[in-house]
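Single-letter residue listing:
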Amino acid sequence: AQSVTQLDSHVSVSEGTPVLLRCNYSSSYSPSLFWYVQHPNKGLQLLLKYTSAATLVKGINGFEAEFKKSETSFHLTKPSAHMSDAAEYFCVVSYNFNKFYFGSGTKLNVKP
Amino acid sequence: GAVVSQHPSWVICKSGTSVKIECRSLDFQATTMFWYRQFPKQSLMLMATSNEGSKATYEQGVEKDKFLINHASLTLSTLTVTSAHPEDSSFYICSANPDYLTYEQYFGPGTRLTVT
Numbered sequence: 872a873q874s875v876t877q878l879d880s881h882v883s884v885s886e887g888t889p890v891l892l893r894c895n896y897s898s899s900y901s902p903s904l905f906w907y908v909q910h911p912n913k914g915l916q917l918l919l920k921y922t923s924a925a926t927l928v929k930g931i932n933g934f935e936a937e938f939k940k941s942e943t944s945f946h947l948t949k950p951s952a953h954m955s956d957a958a959e960y961f962c963v964v965s966y967n968f969n970k971f972y973f974g975s976g977t978k979l980n981v982k983p
Numbered sequence: 162g163a164v165v166s167q168h169p170s171w172v173i174c175k176s177g178t179s180v181k182i183e184c185r186s187l188d189f190q191a192t193t194m195f196w197y198r199q200f201p202k203q204s205l206m207l208m209a210t211s212n213e214g215s216k217a218t219y220e221q222g223v224e225k226d227k228f229l230i231n232h233a234s235l236t237l238s239t240l241t242v243t244s245a246h247p248e249d250s251s252f253y254i255c256s257a258n259p260d261y262l263t264y265e266q267y268f269g270p271g272t273r274l275t276v277t
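In order, the protein sequence lines correspond to chains A and B. All you need for the working numbering is the position in the first sequence, starting with 1, plus 871. All you need for the working numbering is the position in the second sequence, starting with 1, plus 161.
No wet-lab data here; the hints were simulated from the structure. We treat Cβ as the ideally placed atom computed from N, Cα and C, and that holds for glycine. One or more of the hints may lead you astray.
[Stated by the list, open to error] Computed beta-carbon distance windows for the label pairs:
(1) Val164/B to Ser874/A: 28 to 36 Å
(2) Ser179/B to Gly887/A: 46 to 54 Å
(3) Gly177/B to Lys940/A: 44 to 52 Å
(4) Gln203/B to Ala924/A: 29 to 37 Å
(5) Thr178/B to Ser880/A: 33 to 41 Å
(6) Ala924/A to Leu187/B: 24 to 32 Å
(7) Tyr966/A to Asn231/B: 42 to 50 Å
(8) Lys225/B to Lys978/A: 29 to 37 Å
(9) Lys940/A to Gln221/B: 40 to 48 Å
(10) Phe252/B to Ser897/A: 38 to 46 Å
(11) Gln203/B to Gly887/A: 29 to 37 Å
(12) Gly222/B to Asn980/A: 27 to 35 Å
(13) Ser244/B to Pro983/A: 42 to 50 Å
(14) Gly177/B to Met954/A: 42 to 50 Å
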């Protein structure tokens, strides 16, 4: 069985400070991992993906994530938050590129 | 490229009626499409995998007679919520794998269903 856990349902940061959104996975196989962002009333947008290549993955809008097999983690980071980053973020795991399993989501709030 | 559309974006129906939601891949072919359900302030739950030319594969706990899926062509999958009830009110999202890019899914904007 495979699952993905997002440890924080809400994260609040000040504009210009670093962002850390945590994600842990459990999988019997080598997983593929993704981070998606969902802005209010908009569709899901892919931020970045890990598919067994480089463990440090750079995505759009300055986000990056590091795959750590020993910790079964794939945390999402950004050095400096912008107001436009306020949204809901989903960590997704897939082991056969077919079915995607979503984490429970983390709502990011960015304070001015 | 790789755009997925859904129609309608928002629908209200009366209890007991059926509602059809369309999912289209606009600029690519997709042998496989997926249907998700998202309750307010919750995550997406995979409902079923839609396969062109064959029966859909439903996740455990999803009623196949309630949620009818038809993947009639390489660019169109439909989800019909039959005999809808208020508890079926939700946000339904589809996604598609481009056939040339198997490790990525592109998501539609979603359809909000409200059953009164």
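Verification of the hints:
no.	hint	in the structure
1	Val164/B to Ser874/A: 28 to 36 Å	holds (30 Å)
2	Ser179/B to Gly887/A: 46 to 54 Å	holds (51 Å)
3	Gly177/B to Lys940/A: 44 to 52 Å	holds (51 Å)
4	Gln203/B to Ala924/A: 29 to 37 Å	holds (32 Å)
5	Thr178/B to Ser880/A: 33 to 41 Å	holds (35 Å)
6	Ala924/A to Leu187/B: 24 to 32 Å	holds (29 Å)
7	Tyr966/A to Asn231/B: 42 to 50 Å	violated (27 Å)
8	Lys225/B to Lys978/A: 29 to 37 Å	holds (33 Å)
9	Lys940/A to Gln221/B: 40 to 48 Å	violated (28 Å)
10	Phe252/B to Ser897/A: 38 to 46 Å	violated (27 Å)
11	Gln203/B to Gly887/A: 29 to 37 Å	holds (31 Å)
12	Gly222/B to Asn980/A: 27 to 35 Å	holds (33 Å)
13	Ser244/B to Pro983/A: 42 to 50 Å	holds (48 Å)
14	Gly177/B to Met954/A: 42 to 50 Å	holds (45 Å)
Comparing the model with each numbered hint stated earlier shows that hints 7, 9, 10 do not hold.
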